[in-house]
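Residue strings, one per chain:
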Amino acid sequence: MSTVASTTIGLILQLVSTGISEVPALISAIKGLVQANPSMTAEQIVALCQTICQDVMTTTQATDAKLDAVDTAQPASYG
Amino acid sequence: MVNAKEFRKWLPVMLVLALLLAGCATAPTPGVPEAPQVTVSRYVQLGAASSALAADTAIALYNSKQIDANTFNQIRTYLKLADQAFRDIATETASADTWAVMRTKIAAIGAKIAVSQTVTDPTLQAQLNAIVTALQNILGVV
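Those sequence lines, one after another, are chains A and B. Quick note: the first sequence uses numbering that gives the first Met the number 0, first residue 0, plus one each step. Quick note: the second sequence uses numbering that gives the first Met the number 0, first residue 0, plus one each step.
It should be emphasised that the hints constitute simulated quantities derived from the structure, not laboratory data. Treat the hints with caution; some may be incorrect.
What the hints assert, rightly or not - Listed below are the simulated DSSO-like cross-link pairs for lysine-lysine, each with C-alpha atoms no more than 27 Å apart in a straight line:
(1) A:Lys65 with B:Lys79
(2) B:Lys64 with A:Lys65
(3) B:Lys79 with B:Lys104
(4) A:Lys65 with B:Lys111
(5) B:Lys64 with B:Lys79
Just chain A, same shape as in the assembly (with noise of 0.2 Å):
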């Protein structure tokens, strides 16, 4: 059984001894439950690797030219 079920379980026969007006508490208790457990679909791994490639694309390829462009046959620029 998984975290989420048998917490939701626990937090029912909580519920159960503590009385039933607690409905609406229980509830925001499960969602936020839920949205503790983010989950990231294979989908979005390749979309997030793709986007953080892209960066890295960009910057090496800057670095790069910015190596490139010093001449190290002529003397040094005080730039």
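Guided by the hints, dock chain B onto chain A, whose structure is given.
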């Protein structure tokens, strides 16, 4: 205190809710690590950023004659190799390969460049070390 009549009224709702959650809740438990390719991607991003900083520092040191052309060329060669490795790894993490295939390819790419360079400037050394650390962290994941 529990009102028995009210409890009976809500009991079916609670049971349905519990059964739904028991059957459908497939969300990971708290603390579950992120997908390894995402972790690798983040380390690659850090490594690429460190390389960019190291390049700026090396260029500034060369232009102010604090390092000679030979040293600058060695650093340039290393940084360009590291940048290429970061691009290759990033391309792999964004590919459609399975993680089993991905990790083998990434390990092969990372192993070629995960060696440190030694320079006298402490700032540049720290930036070069950050690149190596990023690569070592990547290899630690795969």
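Evaluated hints:
Distance check on the hinted pair: A:Lys65 and B:Lys79 sit about 11 Å apart at the alpha-carbon level, within 27 Å; holds. A hinted pair counts as satisfied when its Cα atoms are at most 27 Å apart, and B:Lys64 with A:Lys65 qualifies at roughly 17 Å. At roughly 19 Å between alpha-carbon atoms, B:Lys79 and B:Lys104 fall within 27 Å of each other, so this suggested pair holds. Of the supplied pair hints, the one linking A:Lys65 and B:Lys111 holds, its CA atoms being roughly 23 Å apart against a limit of 27 Å.
Distance restraint check for B:Lys64 and B:Lys79: the Cα-Cα separation of roughly 21 Å lies within the 27 Å cut-off, and the hinted pair is therefore satisfied.
In this structure, every one of the numbered hints holds.
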